[in-house]
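K.L.:
Protein chains in written order, with my numbering: chain A, 7 to 478; chain B, 7 to 478.
Everything labelled a hint here was simulated from the structure, so no lab data went into it. Keep in mind that a hint or two might mislead.
Said to hold, decoys possible - Keeping only pairs whose Cα atoms sit at most 25 Å apart, straight-line, the calculated SDA-like set for lysine to any residue is:
#  : chain 1 : residue 1 : chain 2 : residue 2
1  : A       : 424       : B       : 159
2  : A       : 9         : B       : 97
3  : B       : 423       : A       : 119
4  : A       : 80        : B       : 97
5  : B       : 254       : B       : 270
6  : A       : 423       : B       : 347
7  : B       : 456       : A       : 351
8  : A       : 97        : A       : 83
9  : A       : 430       : B       : 159
10 : A       : 80        : B       : 121
11 : A       : 9         : B       : 61
12 : A       : 423       : B       : 138
13 : A       : 60        : B       : 74
14 : B       : 14        : A       : 82
15 : A       : 14        : B       : 74
16 : A       : 430       : A       : 456
17 : A       : 430       : B       : 123
18 : A       : 14        : B       : 95
19 : B       : 430       : A       : 356
20 : A       : 9         : A       : 27
21 : B       : 9         : A       : 351
22 : A       : 80        : B       : 93
23 : B       : 9         : A       : 347
24 : A       : 97        : B       : 456
25 : B       : 423       : A       : 157
26 : B       : 430       : A       : 120
27 : A       : 430       : B       : 121
28 : A       : 97        : B       : 254
29 : A       : 92        : B       : 270
30 : A       : 92        : B       : 123
31 : B       : 92        : A       : 119
32 : B       : 456       : A       : 423
To be verified - What follows is a set of in silico ranges between Cβ atoms, one per label pair, in the way DEER data are often shown:
#  : chain 1 : residue 1 : chain 2 : residue 2 : range
33 : B       : 36        : A       : 438       : 15 to 21 Å
34 : B       : 97        : A       : 236       : 36 to 42 Å
35 : A       : 430       : B       : 476       : 43 to 49 Å
36 : A       : 307       : B       : 378       : 47 to 53 Å
Quick reminder that beta carbons are idealized off the backbone N, C-alpha and C, glycines included.
Each chain is listed here by its residues.
There are 2 protein chains.
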Amino acid sequence: MQKPSIPKGTRDFGPAQVARRQHIFNVIRRTFESFGFAPLETPTLENLSVLTGKYGDEGDQLLFKVLNSGDFAKDVTADDLATGSKALLPKVAEKGLRYDLTVPFARYVAMNRGTLTFPFKRYQMQPVWRADRPQRGRYREFYQCDADVVGTDSLLCEAEIVLMMAQVLGGLGLHDFTIKINHRGVLRNIYQALGGESRETDLFVAIDKLDKIGRDGVNKELLERGFSEPTIETLFALLTVEGTYEEKLQRLLAGFVTAGVEPDGARPDAADEDAAANYRGLTELAQVRDLLVASGFRQFDRLEFDPTLARGLSYYTGCIFEVKINNVQMGSVSGGGRYDNLTGSFGLPGVSGVGFSFGVDRLYDCLEALDLFTVTGETPTRCLITHFDAESGRAALPLLAQLRAAGIPAELYPDAKKLGVQFKYADAKGIPLVLIMGPEEVAAGVVKVKIMQTGVERVLPLGEVVAALTAE
Amino acid sequence: MQKPSIPKGTRDFGPAQVARRQHIFNVIRRTFESFGFAPLETPTLENLSVLTGKYGDEGDQLLFKVLNSGDFAKDVTADDLATGSKALLPKVAEKGLRYDLTVPFARYVAMNRGTLTFPFKRYQMQPVWRADRPQRGRYREFYQCDADVVGTDSLLCEAEIVLMMAQVLGGLGLHDFTIKINHRGVLRNIYQALGGESRETDLFVAIDKLDKIGRDGVNKELLERGFSEPTIETLFALLTVEGTYEEKLQRLLAGFVTAGVEPDGARPDAADEDAAANYRGLTELAQVRDLLVASGFRQFDRLEFDPTLARGLSYYTGCIFEVKINNVQMGSVSGGGRYDNLTGSFGLPGVSGVGFSFGVDRLYDCLEALDLFTVTGETPTRCLITHFDAESGRAALPLLAQLRAAGIPAELYPDAKKLGVQFKYADAKGIPLVLIMGPEEVAAGVVKVKIMQTGVERVLPLGEVVAALTAE
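Put together the whole structure using the sequences plus the hints.
P.N.:
Written as structure tokens, this is what we have:
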């Protein structure tokens, strides 16, 4: 007899977990929609021609490929086999599983460019698959929740990302968070302030590891990559400027001016009196802050301008974001940024956009660690009606229908088993109320209502049960 | 330059489609939950050892298989290759995509038998994948919405399936439907009434095609399969009994008695005076009807006992169901039945259950054909605020925040483009209200509100806008 199992890195979600996850999705969806993002769903299967080459070599390895249907090996020769899996792949697989939501979104925008109205604001909450080595907190199938705007370079979009991040976390009861913001232009100016030594991407990659390997580790890596000790010292002086959001902007500005960094232009709508306007990164960060003030955002103690935030080698070109929950040991629960050429590889260049993403699994783990889930039973049922025999069971059916019509999920225990069995069922499923309708109750036209948590019982006339439970 | 596309038989769902589909899911979910069904989600990837052999040879062919990650061809020899795809498959693929929701549910129940409380009522709404030849209305990726109870043989479950079918269809505005019900026991008794000629399954398979190939076609097929002409005549006399639900039960009973069909036992709780109780199928159908009457079900004109309903060669053993929408050319939108051995192949025998499923794509097509969708725009946004320049844009931000806080999805057009462009955006997205905040309005402390559908404009004091729109 076969012992059933599920693939490594995948999970079943039972009733209580689905209910909790649904709560997270609902908070995110409501927030996205209140900001005017419209839902998009793309297929699980994408052509490998769309996916391959978009996530780097490592990503190509981690793509799940789907075997062509039918006689998949019909075009494979012994020579192909001798050449190995890589040469074989295009002959046996044309499709793969969605690896993220960004590439399918770009593909969708490029495919529908003729009919879409820009700016196009979409959100997408769907699972993605990666053939990663499964480990604690890392799964092969997991959900992403993305929101992106394409077709505008307005910084209002960046400000609204901060607003949405704060609204989702607040909506989930996660109040002790830090939204980190930086700008690729600031990182570029910092690189320029170092005198253009060695390679810019090497610098970003090293900075990106600061969280993981610490200052000493980054120091070592930069030395190995050809940066000199004095340069690294200048770097850390810039990266570790202290103060408020505005003070850091001013201090970096002073640093850039001192270092003779070539101004990289202001946005045309920047205020002239703002000296930081000479540097695009600093200007835009100041503007995002102004837009937040004007929008009534009050949580500046939770918004940190962090010049060390780099977000890897990704395609970002403007503001970048990352969110941490402070009182839990957990990686970032949200992140994003502006990119200038999302759809370029699909033949639609020059579409600027900005987007961000929530990691539902991490949010779930944070809420669980902080005990912030309201108690969820193993069922949506609020009321179990117990009964003694076929006759009392049948007598309960009109009440059952009335409870459901009143919006109270309800069940009649389906068999006339012993009362103890029926109560054990309610207990195991976390059903809060049990209504007892035995022959005595039926004869008297009453129902005994038991609150499972307290054990308190009361007797109500049959005709008043629905009203009483609805009122509670 | 690569021209992006999606795989055959898959679909992107744009904003309006997602909103409409979400409406269908919500109605189904609310109904399932009000009847006490708890949500379950299983992984997209299942081990092929779980999936293979569960759907017949054709099903095995239609399973999407996922290539093992890494050097998938490392164990493949030239001999394997010469033997062909079928021999090759186990060496290159261990996992497949979910093909339906029933097998994963059975696998889940078997895996978690130790911790689940029975009866276990679960619903599941997830996509499934089949490598079918794509055609109109048939996709390679599509959603199923299943609800099942396992661990009880109470006929209340059957009655509640009828209640849920009616509630979902009513909730969607689909009022002209027929719920067909039959019982495998009735089909078996009909076969017995024919004198046990030829094979029982041949009879079911032929009857199942009545809808498609008509009486003449079935006649021909039965002759080919060894049934005699008089037998076929007796068959059709039984299959085409007329009258109400109860009349058909009585007429079939008379037919069975006349034909000398051996009684196959009554349920212990069947009323003694009910002669139909001698035949399990007829008894149970009568009991389901009684339970519906007791539950206050009033739509008996839409519940048809149809002795020709067979539902193929599937694993059903008791009541079977199928739902058609009458005023649309469309296959069944829902179906199900009772089975006695769902989890047997996973080492958990003797678990009786009953379940049913909605086809979301078909419901969608019905609603569209009958024009029953409320108009859905391309965005959840109810209000677009237009502006003229950075200053009036900034002045609009507090209003924007207030609208959203009041639960009104709202956007500020992100760029200070010409008013015509901003209006065109609202129009293209189907945004019903446009709020105009130019320099004049800002100076006067007012907002011009335009209803897009009628063109009606009115001017409101800034402080009254949210209250006015909330009231509407």
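K.L.:
All the hints need checking, so say for each whether the structure fits it.
P.N.:
Outcome of the hint check:
Proposed proximity of residue 424/A and residue 159/B is supported: the alpha carbons are some 16 Å apart, at most 25 Å. A hinted pair counts as satisfied when its Cα atoms are at most 25 Å apart, and residue 9/A with residue 97/B qualifies at roughly 20 Å. This hinted pair checks out: residue 423/B and residue 119/A have alpha carbons roughly 20 Å apart, not beyond 25 Å. With a C-alpha separation of about 16 Å, the suggested pair residue 80/A and residue 97/B falls inside the 25 Å cut-off, and the hint holds.
A distance of roughly 19 Å separates the Cα atoms of residue 254/B and residue 270/B; the hinted pair therefore holds under the 25 Å criterion. With a CA separation close to 22 Å, the supplied pair residue 423/A and residue 347/B stays within the 25 Å bound. Distance restraint check for residue 456/B and residue 351/A: the Cα-Cα separation of roughly 40 Å exceeds the 25 Å cut-off, and the hinted pair is therefore not satisfied. Annotation: proposed proximity of residue 97/A to residue 83/A holds, straight-line Cα distance about 10 Å (limit 25 Å).
A distance of roughly 19 Å separates the Cα atoms of residue 430/A and residue 159/B; the hinted pair therefore holds under the 25 Å criterion. The hinted pair formed by residue 80/A and residue 121/B fails the criterion: a straight-line CA distance of about 46 Å is larger than 25 Å. Proposed proximity of residue 9/A and residue 61/B is supported: the alpha carbons are some 18 Å apart, at most 25 Å. At roughly 46 Å between alpha-carbon atoms, residue 423/A and residue 138/B are farther apart than 25 Å, so this suggested pair is violated.
About 21 Å separates the Cα atoms of residue 60/A and residue 74/B, which keeps this hinted pair within 25 Å; it holds. Distance check on the hinted pair: residue 14/B and residue 82/A sit about 23 Å apart at the alpha-carbon level, within 25 Å; holds. Restraint check: the Cα-Cα separation between residue 14/A and residue 74/B comes to about 12 Å, which is no more than 25 Å; the hinted pair holds. Pair hint residue 430/A plus residue 456/A holds up; C-alpha atoms about 13 Å apart against a cutoff of 25 Å.
A C-alpha spacing of about 9 Å is found between residue 430/A and residue 123/B, which places the hinted pair at or below 25 Å, so the restraint holds. About 20 Å separates the Cα atoms of residue 14/A and residue 95/B, which keeps this hinted pair within 25 Å; it holds. For a cut-off of 25 Å, the pair hint linking residue 430/B to residue 356/A stands: about 22 Å separates their Cα positions. Proximity of residue 9/A to residue 27/A is assessed by CA-CA distance (about 28 Å); at most 25 Å being required, the pair is judged violated.
With a C-alpha separation of about 9 Å, the suggested pair residue 9/B and residue 351/A falls inside the 25 Å cut-off, and the hint holds. Of the supplied pair hints, the one linking residue 80/A and residue 93/B holds, its CA atoms being roughly 12 Å apart against a limit of 25 Å. Only pairs whose Cα atoms come within 25 Å are accepted, and residue 9/B paired with residue 347/A is accepted, the gap being roughly 16 Å. Between residue 97/A and residue 456/B, the direct Cα distance comes to roughly 58 Å. Violation of the 25 Å bound is thereby established for this hinted pair.
Restraint check for residue 423/B and residue 157/A: the C-alpha separation of about 13 Å stays at or below 25 Å, so the hint holds. Distance restraint check for residue 430/B and residue 120/A: the Cα-Cα separation of roughly 15 Å lies within the 25 Å cut-off, and the hinted pair is therefore satisfied. A distance of roughly 13 Å separates the Cα atoms of residue 430/A and residue 121/B; the hinted pair therefore holds under the 25 Å criterion. Restraint check for residue 97/A and residue 254/B: the C-alpha separation of about 58 Å exceeds 25 Å, so the hint is violated.
For a cut-off of 25 Å, the pair hint linking residue 92/A to residue 270/B is broken: about 62 Å separates their Cα positions. For the hint linking residue 92/A to residue 123/B, the alpha-carbon distance of about 48 Å lies beyond 25 Å, and the restraint is violated. Restraint check: the Cα-Cα separation between residue 92/B and residue 119/A comes to about 42 Å, which exceeds 25 Å; the hinted pair is violated. The straight-line distance between the Cα atoms of residue 456/B and residue 423/A is roughly 63 Å, outside the 25 Å bound, and the hint therefore fails.
Take residue 36/B and residue 438/A: their Cβ atoms lie about 19 Å apart, and the range 15 to 21 Å holds. Restraint check, residue 97/B to residue 236/A: a C-beta distance of roughly 58 Å breaks the suggested window 36 to 42 Å. Evaluation of the 43 to 49 Å hint for residue 430/A and residue 476/B yields a pass: the beta carbon distance comes to about 48 Å. The hinted window of 47 to 53 Å between residue 307/A and residue 378/B holds, with their beta carbons roughly 50 Å apart.
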